[in-house]
Structures are given as C-alpha cells and as structure tokens.
Amino acid sequence: DQQVKQNSPSLSVQEGRISILNCDYTNSMFDYFLWYKKYPAEGPTFLISISSIKDKNEDGRFTVFLNKSAKHLSLHIVPSQPGDSAVYFCAVLSSGSARQLTFGSGTQLTVLP
Amino acid sequence: NAGVTQTPKFRVLKTGQSMTLLCAQDMNHEYMYWYRQDPGMGLRLIHYSVGEGTTAKGEVPDGYNVSRLKKQNFLLGLESAAPSQTSVYFCASSLTGGSSPLHFGNGTRLTVT
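Read top to bottom, the protein sequences are chains A and B. Position 36 of the first sequence, counting from 1, maps to 78 under this note's numbering, and the rest follow consecutively. Position 41 of the second sequence, counting from 1, maps to 42 under this note's numbering, and the rest follow consecutively.
Please note: incorrect hints may appear among the correct ones.
To be verified - Calculated pairs, SDA-like style, for lysine to any residue (alpha carbon to alpha carbon, straight line, at most 20 Å):
| id | chain 1 | residue 1 | chain 2 | residue 2 |
| --- | --- | --- | --- | --- |
| 1 | B | Lys15 | B | Val113 |
| 2 | A | Lys47 | A | Ala83 |
| 3 | A | Lys110 | A | Thr144 |
| 4 | A | Lys96 | A | Gln44 |
| 5 | B | Lys58 | A | Asn64 |
| 6 | B | Lys58 | A | Ser136 |
| 7 | A | Lys96 | B | Pro102 |
| 8 | A | Lys47 | B | Gly4 |
| 9 | A | Lys47 | A | Asn64 |
| 10 | B | Lys10 | A | Glu84 |
| 11 | A | Lys79 | B | Gly4 |
| 12 | A | Lys47 | B | Leu46 |
| 13 | A | Lys113 | A | Phe72 |
| 14 | A | Lys79 | B | Pro102 |
| 15 | A | Lys96 | B | Gly99 |
To be verified - Far from chain B, some chain A residues (derived; all Cβ distances over 10 Å):
| id | residue |
| --- | --- |
| 16 | Lys113 |
| 17 | Gln142 |
| 18 | Gly148 |
Bear in mind the hints are in silico, worked out from the structure with no lab data behind them. As the structure is a computational prediction, the values presented were derived from the model and not from experiment. We treat Cβ as the ideally placed atom computed from N, Cα and C, and that holds for glycine.
Turn these sequences into a full structure, and let the hints steer you where they fit.
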C-alpha cells in the first residue's frame, strides 16, 4: 500500500506557464516533505523542502505548498522553462526514531518551447 | 568535486551470479543509502548506514547485503542474482539523517537474465 502517491505520471506545460505537480500522503506522522528532480541518466537532486509547521516555502521559481488537513503537497514552478523538463519525486519523512524517506513514484514534466 | 560516485554504470548478470556495487562519497557524510528504482515504484530503500561500521535494513533488503568498512565507501552485494533484481540502483549520502538532503550518485543499471 503506497503511503505516498503521485497520481499523474506525466504533465506537459507550455514554456512560461505554471507547472503544478501534486503529491498525496496517507500518514499524518510524516513531518518533513521534500521534492527531488531527476534528469535522464543522472541521480535525483534535491530541489526544495518544507516542514510540517509551515504551509508554504518559496525558492526562486519554485514554491512548495503543504495542506496538512488534506495530506496534500504540491510544487509550483513559475514560469516554467524547457530546462525544467525532468522527473519530479516527492519524498516524505516520518517523525520518530526511524526517520527514513519514502518516495512517490514520480511525475515526468515536459515543458514545451 | 566528485560528490557520490557509483561503479559500474551498467552490468548484466546471469541468474545465480554474484556481484558488488561500489559507492564512494567525498563529502565526509555520515549517512549512506542504497535505493532501487523500478518503473512506477519510485525509489525504495534497500539498506542504509548511519556511520562507519554500521548498517541497517530498509524497506526491501531481501537478497542484498551491505558493508561500510570505511566512512567514504558503501558496498552493495548481490550473492545470487535473480531477475527480480533487475533495476536501477542509486547510492546516496547525507551529512546527517532526518531532514538533511540526500546527494545521489548517477546510478547503476543492472539487468539479470
């Protein structure tokens, strides 16, 4: 049973528009949330994160929103650029002693020029 | 600045053969991890280490062994490869555990026939 779900395997967006990537989780014990970006033939790289005590974190063109009541996380990219085309993974960290990351299955974002 | 280096990049094994995947990091990170990535499954944690000489099981440890004899190296072993172990393997390291971002290598694509 997947605790972290990215229900959209793929997303296409025009250059300059907003990209919104979504992630849902089931366990209310998760208290830290991260997004990783992955290009083909490379490992994932850390993009942005948010703690459960916040509902928004912004870093340049990237903003992560957290809705704890809905157990929903989203990543907004504005404006989208062709270089943003990659697979985006959300990852969640549970509180407690066994603090390991659980990854979603990823969303392939394609930004069309 | 190499970061996390994985060798080999590609490998083909026959069922029952053994092999070791090598991971080296030059960032003096305490924590190291082995993940596997399968289509539609995201990244799943195989084993991890919280420091030199320590190892612990992750989500999918069966069929794998690990060793962390030196702080900078984390080895993943397959004693008797099975087709179900066909996957892309990623090594990662982090300065500490918890919310410390992971730094990934570029992966090893393993095919077991």
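Now the hints, each set against the structure:
Distance hint between Lys15 (chain B) and Val113 (chain B) is fulfilled; the C-alpha atoms sit about 5 Å from each other, no more than 20 Å. At roughly 23 Å between alpha-carbon atoms, Lys47 (chain A) and Ala83 (chain A) are farther apart than 20 Å, so this suggested pair is violated. Straight-line distance between C-alpha atoms of Lys110 (chain A) and Thr144 (chain A) comes to about 17 Å, which keeps the hinted pair within the 20 Å bound. Only pairs whose Cα atoms come within 20 Å are accepted, and Lys96 (chain A) paired with Gln44 (chain A) is rejected, the gap being roughly 24 Å.
Our distance criterion of 20 Å between C-alpha atoms is broken by Lys58 (chain B) and Asn64 (chain A), whose separation comes to about 29 Å. Straight-line distance between C-alpha atoms of Lys58 (chain B) and Ser136 (chain A) comes to about 16 Å, which keeps the hinted pair within the 20 Å bound. For the hint linking Lys96 (chain A) to Pro102 (chain B), the alpha-carbon distance of about 18 Å falls within 20 Å, and the restraint holds. Of the pairs offered as hints, the one joining Lys47 (chain A) and Gly4 (chain B) is violated, with about 30 Å between alpha carbons and a cut-off of 20 Å exceeded.
Distance hint between Lys47 (chain A) and Asn64 (chain A) is fulfilled; the C-alpha atoms sit about 9 Å from each other, no more than 20 Å. Pair hint Lys10 (chain B) plus Glu84 (chain A) holds up; C-alpha atoms about 11 Å apart against a cutoff of 20 Å. The suggested pairing of Lys79 (chain A) with Gly4 (chain B) holds, with an alpha-carbon distance near 17 Å, which does not exceed 20 Å. Only pairs whose Cα atoms come within 20 Å are accepted, and Lys47 (chain A) paired with Leu46 (chain B) is accepted, the gap being roughly 16 Å.
Our distance criterion of 20 Å between C-alpha atoms is met by Lys113 (chain A) and Phe72 (chain A), whose separation comes to about 9 Å. Note on Lys79 (chain A) and Pro102 (chain B): the hinted pairing holds, with a Cα-Cα distance of about 12 Å set against a maximum of 20 Å. The straight-line distance between the Cα atoms of Lys96 (chain A) and Gly99 (chain B) is roughly 17 Å, inside the 20 Å bound, and the hint therefore holds. Distance check for Lys113 (chain A) against chain B: the nearest CB is about 17 Å away, which clears 10 Å, and the non-interface claim stands.
The beta carbon of Gln142 (chain A) sits about 6 Å from the closest Cβ of chain B, which is not more than 10 Å, so the claim that it is off the interface is violated. Residue-level check failed: Gly148 (chain A) sits 6 Å from the nearest beta carbon of chain B, not beyond 10 Å.
The structure shown violates the earlier hints numbered 2, 4, 5, 8, 17, 18.
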